[in-house]
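Asker: Residue numbers (the numbering used here), protein chains in the order written: chain A, 35 to 389; chain B, 35 to 389; chain C, 35 to 389; chain D, 35 to 389.
A portion of the hints provided could be inaccurate.
Identical copies go unnamed one by one, so any copy, or any two together, can satisfy a pair.
Below, simulated DSS-like cross-link-like pairs (lysine-lysine); rule was C-alpha separation at most 30 Å, straight line [stated by the list, open to error]:
(1) K235 <-> K108
(2) K152 <-> K108
(3) K108 <-> K351
(4) K108 <-> K228
(5) K235 <-> K225
(6) K152 <-> K351
(7) K225 <-> K351
(8) K235 <-> K351
(9) K225 <-> K108
(10) K152 <-> K225
(11) K351 <-> K228
(12) K228 <-> K152
(13) K152 <-> K235
Hints are computed from structural coordinates only; laboratory data are not their basis.
Protein chains: 4
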Amino acid sequence: MADFSIGDKLRLTVFGQSHGPAVGCVIDGFPAGRTIDRDRLAAFMARRAPGQNAWSTPRKEADEPEILSGLNEKGQTCGAPIAVLIRNTNTRSGDYAALQALPRPGHADLAAWRKYGKAWDGRGGGAFSARLTAPVCFAGALCMQELERLGVSLAAHIARVGGILDAVPDTVQPALPLYAPGAFPVIDEEKGEKMRQEIEKARQAGDSVDGDVRCLVTGLRPGLGGPYFGGLEGKISQALFGIPAVKGVQFGDTRRYGSENNDAYRVQNGSVVSSTNHCGGILGGISTGMPLHFLVSFKPTPSIALPQQTVDLRTMKEGALTVQGRHDPCVVPRAVPVVEAVTALMLTDLMLQGE
Amino acid sequence: MADFSIGDKLRLTVFGQSHGPAVGCVIDGFPAGRTIDRDRLAAFMARRAPGQNAWSTPRKEADEPEILSGLNEKGQTCGAPIAVLIRNTNTRSGDYAALQALPRPGHADLAAWRKYGKAWDGRGGGAFSARLTAPVCFAGALCMQELERLGVSLAAHIARVGGILDAVPDTVQPALPLYAPGAFPVIDEEKGEKMRQEIEKARQAGDSVDGDVRCLVTGLRPGLGGPYFGGLEGKISQALFGIPAVKGVQFGDTRRYGSENNDAYRVQNGSVVSSTNHCGGILGGISTGMPLHFLVSFKPTPSIALPQQTVDLRTMKEGALTVQGRHDPCVVPRAVPVVEAVTALMLTDLMLQGE
Amino acid sequence: MADFSIGDKLRLTVFGQSHGPAVGCVIDGFPAGRTIDRDRLAAFMARRAPGQNAWSTPRKEADEPEILSGLNEKGQTCGAPIAVLIRNTNTRSGDYAALQALPRPGHADLAAWRKYGKAWDGRGGGAFSARLTAPVCFAGALCMQELERLGVSLAAHIARVGGILDAVPDTVQPALPLYAPGAFPVIDEEKGEKMRQEIEKARQAGDSVDGDVRCLVTGLRPGLGGPYFGGLEGKISQALFGIPAVKGVQFGDTRRYGSENNDAYRVQNGSVVSSTNHCGGILGGISTGMPLHFLVSFKPTPSIALPQQTVDLRTMKEGALTVQGRHDPCVVPRAVPVVEAVTALMLTDLMLQGE
Amino acid sequence: MADFSIGDKLRLTVFGQSHGPAVGCVIDGFPAGRTIDRDRLAAFMARRAPGQNAWSTPRKEADEPEILSGLNEKGQTCGAPIAVLIRNTNTRSGDYAALQALPRPGHADLAAWRKYGKAWDGRGGGAFSARLTAPVCFAGALCMQELERLGVSLAAHIARVGGILDAVPDTVQPALPLYAPGAFPVIDEEKGEKMRQEIEKARQAGDSVDGDVRCLVTGLRPGLGGPYFGGLEGKISQALFGIPAVKGVQFGDTRRYGSENNDAYRVQNGSVVSSTNHCGGILGGISTGMPLHFLVSFKPTPSIALPQQTVDLRTMKEGALTVQGRHDPCVVPRAVPVVEAVTALMLTDLMLQGE
């Protein structure tokens, strides 16, 4: 139902196709009376934008969001749905023309064909394209500004690229990093250098590589979420799995035995906290007041330069396919702000519900 | 919103508390005209029932479901909501009496206290109790009978207990196991024996141990699910995270490099299939027609016999707590049918929607 | 989707069939820590119960609700879903046996047959039966107690039976009536007497008669609801049309010309109020702070004693049908608390959402 | 929740403000592979557009919808969300400038102020403006083309303006009218002439007048909708009350006594039909297969040229207000296609759900 929407009281609806006229979104339910910090919003979106450096696709996008609705004369949010439009300016359809009948392995092509039939727009992945994460980031940046008002901060980093792991942050009292556009979002810059080498190696081999993103949230009040199907994990994971290429989500860092996994309680400054935070800040589906932390796994970019075996749907003959076009050999660096964005969205929704 | 409900066209609502009069559920939207195979339904529920063997809690439950609504005179489903009641017959409140003010580490106690306040019923975990998975299994068993009519089969097995891994099934053409009540659901019985030893070891140490469940689905038509927030992974994971103690969900078995992770297409019996199935039967959020497979991670049972540190909420003094009562030292064996149940539920919902 | 459920944050799910073992409901999202006034709850439910007086069906129901879940040891709501069971004790199936193939004009029989097929349980209307409004009243009575805590009062009265109109209440500063069980809920007792005569006349003629219910709500804070599809009228009407036999809903008492319909603003006790209340306390889908008022139209009971023409679905032959059994010749008197109940439910849901 | 969205499987989200840069909508879930008849779509939208004739506001709007997403290279729908943008070209803010602090009687101004606070954009009614019905009509026109493929037709007419009633159509076998843009949509052209006189009279008096719209749907299969809260009446009315100025909805044309209201069954061409159709084609919330018909009541336009009493929210002083600007003295003529649009939307949604 409504594949391109998420959220209850705060509801995001995205639209667009990779090679259509535009992408964009509608954000319904955002509080009225907020002045949006446009510079920070642009800086956040720039973190996702392609074409900035060696480790991302050279495709350039202006990504200038036009706000069509939702602001009053003073530029404050006014209660009307916030609608945002980002024109597609750099769509090279030729790259993808023959692909419609030659489903790319690891891509949605064949699945989309089976769901939508021949009318499906396969150019650049159509509506499955990660291009739609640009408006998701717009919405997320807005929500992060709202969360900040509520005392909540969140940040993600690259936890892994291929076999290279970043340092593990303190999950009891984490220092949240704040990444500049263009920065490679890791905690340990040495590990970051190795990751970039791993990505470069994959690129030169015409291949791609997988990785993980870890997200941390601090300042969340206890009592958010609910038991059973209303749990924080379920709500957040539903949104995270909406990000293209996500294949796994893990909350906390479970230890093997109960005796080491249970986070013992103690008193700090007059309130009950836990000494460790293996539960990831969630017990029984409800926020405990400790920082939230979870790991999101991304598969390697399916678009690779190496020849792959596929089937021509017109002739039902097997044959080799070489995917043209420019692609990130690893989706993880640019996925970091997207993970932050959908997390911010779901948490803002829950807080607005008083949940 | 509506923590105890899940599903759109087929909607499950569960209710009950561990130490209240009853648990149960309402299933709205189940097709009319079905004759329920009660014996198989009972056999399925028995797989979850406690007290059957060494590796589960000795608490005995009759678990006799009474169907209050939803059947016609001939015992067929009639379109009315199917309401089911399971009386609680073996509730030893004394075990838990003092716990309300002494939150058990790793449990929902403190989080629930913060959400619901003092009125929260903490006896046996209240509404957070895994006891509510009994009606979930009732609903799931019903859906599995419906899926069978539609040519869909599903089965889960224990993929891991502590450090012991079960054999990995073929995910291209899996042979789905069918487990009898009382069976220990593994593929490799030798590994099963080692897992039971691991569980027994944890029990004797007054400790508990974690593990994974893998679920496989065959016969699913391609085209089910949708892009972005309508993806199969998001919908299924939301339901899975509703199962107590689930902390992670991983779809497919992602390989490190794109060249090995992409599942190449080939022709078999006139239709396009993939040679491998690392994507877990889902691309772009949509079923590909290959078997679905995913891994669900469970934390170790938080209830352990060892003393743990907690805080008395009345005095705000730290102190040791020893959890009384009888508990599974590993939730995984009995969680296997619950994973099957919620998966069946979500897939039936999607199929009824024509999605 | 989920025909038997309504509400977002507070969600009611009803179940049961007229001649099945029981009816009941699950209320998810009701605040924790409330002590239910059981006597007032029973008194409210008694207003809907049949068999009390000349103007309702002699079918007797114990209507003893058993609370299966949702209360703690002290009997307070505890955050768990509140599940309620009402056993059916007086089901005379024989009355309805042959009806399955002889659809009763004005009833859901044929429509249900077409939706659910032959498996549909037509006995007493099955799940379409007004018997399911008993658990709706349970839920509504609960919500009325919650609304009272929030300073909101509501009451409905019979506005019309056939051609007889009750007095029209002051809609600017209404005095809300409080009806005892067994009372005939009108403002003007003389009109009430005439209505009862109208009902009695219909009964003696083997016929039935239509009517209207007016509902008034005071104390509602301004700002509840929302524009467009989030409007109060839409939300409340969706719930009202869920009551069997409702065919129309009218908010406010619109005047013909704008100059007489617009409610002029004035200052009273330092706040802005309106001198009249033709808008029914709602403008732009949002509560204005003035009393809510709306009219709900009920069709005449379709079950009448006169012979009617129908078609035997087995033979496709036209023929006469005489409906047996005992039925209210006018549904309106017993519908009054049901209107109150669903109104209370929707308003509580909105208030809990902070909407 | 999500005030500006409606529908389950087919979901419409509208956005915009009367005096903002644009209005528009996103339609998620529309079937892929449809070629849109753009001429008929434009003709439908023209029926709602203002400025065409004596009985509507002279404000001119280009109303040129730009489709931003949802079509493939051939212009067919492709499964991606259909996003539509209509720029606002004729926004005279000066007309409304002082109104923010002077709530107009009968308008949403004060209610919006109370919901959104001072940041609310009151220019031209902001997001409450009927201007947003332009994208609603776009979506409705699309759905009407889909319904036509499924054999369903629908049309509405002006049933009443002030005291003037249009002819009542045959509701058993109605001949659906097809209105050209610019036509005054009535069945009886003489009555139409009198209605226009009534509207003109109101305009000259600086006043406005109320009215009703009747909608008819033919070709709908039996079995659509559901019992209780899933009923057709509830779903359709929720959408209808989303149209600005709607205050009442009445399904069918209920007769006073059961004996005349019950629609007797008979056999026609081998299938069961009813001789009359007082139930409006719906019984038990489910379509019977007979034509749907219902009446929608609109209040008189709140914007009138006569001076009205209001309160200056800055000074809390009562005073006279004269609303400037150009307004329809009767919303009903232009509301006719809007009623058709939201009806088409809800029916398409239900049919896509297989409900």
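Asker: How would you label the pair K235, K225 (within, between, both, or neither) given a Cα cut-off of 30 Å?
Answerer: Only inside one copy: K235 and K225 sit 15 Å apart there, 39 Å across copies, limit 30 Å.
Asker: Can you tell me if K152 and K225 fall within 30 Å by alpha carbon in one copy, between copies, both or neither?
Answerer: neither (45 Å within a copy, 47 Å between copies)
Asker: Is it within a copy, between copies, both, or neither that the alpha carbon of K228 lies no farther than 30 Å from that of K152?
Answerer: neither (43 Å within a copy, 52 Å between copies)
Asker: Is the C-alpha distance from K235 to K351 at most 30 Å within one copy, between copies, in both cases, or in neither?
Answerer: So K235 and K351 fail the 30 Å test inside a copy (33 Å) and across (56 Å) alike.
Asker: Within a copy, between copies, both or neither: which one fits K225 and K351 at a CA-CA cutoff of 30 Å?
Answerer: The answer is neither: 45 Å in one copy and 43 Å across copies each exceed 30 Å.
Asker: Can you give me the call for K108 and K228, within, between, both or neither, at a CA distance of at most 30 Å?
Answerer: neither (47 Å within a copy, 46 Å between copies)
Asker: As a check of your reading, is K152 near K235 (CA-CA no more than 30 Å) within one copy, between copies, both or neither?
Answerer: Neither: 37 Å inside a copy, 56 Å across copies.
Asker: Could you figure out if K225 and K108 sit no more than 30 Å apart (CA to CA) within one copy, between two copies, both or neither?
Answerer: Answer is neither; intra-copy 45 Å and inter-copy 48 Å both fail.
Asker: Go through the copies and call it for K351 and K228: within, between, both or neither, with a Cα cutoff of 30 Å.
Answerer: Result: close neither inside a copy nor across copies, 41 Å intra and 47 Å inter.
Asker: Tell me, please, which holds for K235 and K108 at an alpha-carbon limit of 30 Å: within, between, both or neither?
Answerer: neither (50 Å within a copy, 40 Å between copies)
Asker: Given a CA cutoff of 30 Å, do K152 and K108 count as a within-copy pair, a between-copy pair, both, or neither?
Answerer: Between copies, since 11 Å is at most 30 Å while 47 Å is not.
Asker: Could you figure out if K152 and K351 sit no more than 30 Å apart (CA to CA) within one copy, between two copies, both or neither?
Answerer: within (18 Å within a copy, 48 Å between copies)
Going down the numbered hints, you'll see the structure goes against 1, 4, 7, 8, 9, 10, 11, 12 and 13, while the others check out.
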